[in-house]
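Chemist: Chain by chain, the residues run as shown.
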Amino acid sequence: MLVMGEVQTGLLQNSGEISESACRQVLGLMAGETVRVSRRPIVHALSPERLTGVDCALPTASRSRIRGVGTVVTRCAVTGGRVAQGSTYVRVVRSETDRRLPWSHYLARPGVVEVLGKAKAADLAEGFTGDPAPGCLDLGAVSGRFLDLVQASPLLDRRAPFKMARTSLRWVAETGEPSIRFTLHTERERTLRLTHPGPFTPAVVDLCEDLALHDWLLTSLLVIVERARIGATPGAQAVARLAPAVDHLLHLWMPAARVEEWLTPFWESLERRPGFTRQWRSLVDRVRDQVAMNTLALLTAEAGRR
Amino acid sequence: MLVFAISDKGGTGRSVTGTNIVYRHALQGNDVCYLDFDFGSPTAGAIFSVSAVARGTRDRNGLHEYLRGECPQPRRVDVWAESDREGLRTRPPGAGRLVLLPGSEGGGELSALTDELIGRCAQLFGRLEEEFDLCMVDVSAGRSFTAELVLAATVRMPAIPFRWLVFHRWTRQHIIAADGLVTGDDGLLDVGARFGHDPEVLRDRIRFVRTAVLEPDAAELVGLRDEQRAWLSACDSELRELARRHGVGRTAMLGKVPLDPVLQWREQLITDEDVLASKIANAETAAAFDELAKKIVDDSAWEGL
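These protein sequence lines are chains A and B, in that order. Take 1 as the starting number for the first sequence in my numbering and just add one per residue. Take 1001 as the starting number for the second sequence in my numbering and just add one per residue.
One chain only, chain A, in its complex shape (with noise of 0.2 Å):
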C-alpha cells in the first residue's frame, strides 16, 4: 500500500566530531552486527538495523480506528562525525486474514505492518503527514528512543559546542507518477510526500534520510546567524557567535550524496524549489562576509595602532 517513515536529525553530543572507529562503536547498537561506512565524499557511518514490534492503531485523517500489527525498522546514522540521526520506516500491507496471526508470521516479515480489516492508502498517508492522534503508532517516538541510546553513548563527552533541537521528517512514499511535497510546519516538524516510480527500495530511506539531514544542517546554520544578531551586536561579537558553524557545520554540505541514480530527479527538483542549495550558499556567503569584515576591521584598528 505504502512506505512511512520518520527520521530524527540532532547534533552529536561531543565536543568535536567523531573518528570512523569511534562511529563504528557508538552505532554498535546490536552485538555481531557490523556498522557499514562509506568515506567518499564524506563519512557516513550507518547502525546495523533492529526491529521494534507493534500491534496499535494506525494514524489516519478519517480518525478511524485500523489495527496493524508486525515490525518496524530502526536504523541510526552518523554524518561527518558530527550529525547522528533515528531512522524508522515501514512497508503498511493489507493483511489476508482479519485476525491477528501468531508472532512467527511477523518476524518472518520484517519491516511490515499488515493492516487488520479495511484501510485506503490516502487514508493513511494524510493521517500520518497530518495531525496523528495520539496513542497510534509513533515511529518518531521509535527513531527518538535509538537516537538517545546513540547520543547517550559512553565513548561522547556531552559538551556539544552548541545547543541546537533535533528535527524530525515523516515521510510517506507511494507508488505512481513521480512527484515530491516538501513541507514545513512547526520549528522541528516537517514532512515530506514521495511518489516515485517502480517497486519501493531502501533506497527510498536513503532519500529520505538524506532530505532530513540537509534540511537540519540549513535549519541549524539558520538558527545559528540570527543568535548572531549580525548588525545589531559588535563586528567581533557577533564573528564569535558565528565560529560554531564555520568550526563544525559548513564543511558538511553534500546534498545527494548517497542517493541512488534514479532518484537524484526528486532531489534536482527540490534544489529548483525551494531551493536547499541556494538558501545555503547564501547563508553561507553571509557568515564568510561576516568573518571577512571582521578581519579587515581587525587589520584596519591594527594599521592605526602603529
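You may find that some hints are simply not true.
Said to hold, decoys possible - The list that follows gives simulated cross-link-like pairs (lysine-lysine, BS3-like), each with its CA atoms no further than 30 Å apart: (1) A:K163 x B:K1295; (2) A:K163 x B:K1294; (3) B:K1009 x B:K1295; (4) B:K1009 x B:K1256; (5) B:K1256 x B:K1295; (6) B:K1279 x B:K1256.
Just so you know, the hints here were simulated from the structure itself, not pulled from any lab data. All figures in this text were calculated on a predicted structure; none of them were measured in a lab.
Since the structure of chain A is already known, use the hints to place chain B on it.
Modeler: Positioned in the frame of chain A, the structure of chain B alone reads:
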C-alpha cells in the same frame, strides 16, 4: 546545564524566583526551559501567565503522564507565543527561547520510584540538554520522591552538568531547615550518596538563595523608629551568625532576592516594564534576578567551598 530548584519549606518563593531567573536568562540570549516537577501543585503556568496551563495541562500530556509512560513526549509551551500577558507575548530582540513544560492538573505527588520512571526522567533531561542552555527543574518543597527521582536520574548521566539551588527565607527556622534539607538525615547529600553520588562533589554543586530578604538599610525601613531599626539590625547579625554555623552563610550563597511587594501579593514575572513603566516593582528585585541568572552559569561562583 540542569538546575534543580528546591526549598526547605513551602511558601519560600521558590517557583516565583526560579521562573524569574529563567526569564532573565532567556532575556540574556540563552535558550531556556522550565520543568514544573512540583507535582502536588503545578502552578508555573500561572506565573508565566499562560492561562491554558495555569494549574497544569488537562490534555493528558503533562510531565505526570510522560513520566508514567502514558505519552511519548511531554507538552511544551512556548511562553513567548502563548502567554496572555501583553509584555511577554513578543520575544524581545536577542532573547532566546523560553519554553515551559507544565505538570498535569490534578496529577498528584509521586508515590513511588520505579526503574522505568527514573529511566524516562533521565531520557527527558538528556534530550532537553541537547537543545537548551539552561533547564530549570522546580522540585517542590522539602524531602520528596521527586527529589529522589532527579538525584537517581542524574547519577545515570554523569556527563551532563547539573546544579542545585536551595531557596530559603531569611529567618531562624528557615536557615535551620535549609541546612537540614541538605545535610540532615534523608537530606540531599544523604539520599544522593545512597543513589551513587559522591557527597563531596554533590556538596559543591549546591548553593543557597535567600528570598524575600529585608535589608536593614532598605528604603522600606525609612519610616521605622530607631529602636525598631536597631532591633532589626541585631536580628540580622544574629541570623548571619546562625547561617554561618549551619553552612548556609555567604560562601555557600549564590544570591539573595529582596522583599518586593509585587511578589508578596501576586506570583508573576517581573518585566522591565513593571520596573520602568508602571513602576510597580522595585529595580533592585529585577537586578537581583538578573544577577542570579548570570551567576547560575558562572563557574567562578561555583568553585569548591
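Chemist: Each hint should be assessed against the structure and marked as holding or not.
Modeler: Here's how the hints hold up against the structure:
1. A:K163 x B:K1295: Holds. K163 (chain A) to K1295 (chain B) sits at ~20 Å (cutoff 30 Å).
2. A:K163 x B:K1294: Holds, at about 18 Å.
3. B:K1009 x B:K1295: OK: K1009 (chain B) and K1295 (chain B) at ~24 Å, within 30 Å.
4. B:K1009 x B:K1256: Since the Cα atoms of K1009 (chain B) and K1256 (chain B) sit roughly 17 Å apart, the hinted pair holds (cutoff 30 Å).
5. B:K1256 x B:K1295: holds, 12 Å
6. B:K1279 x B:K1256: Holds - the C-alpha atoms of K1256 (chain B) and K1279 (chain B) are around 21 Å apart, at most 30 Å.
Violated hints are absent here; each numbered hint is respected by the structure.
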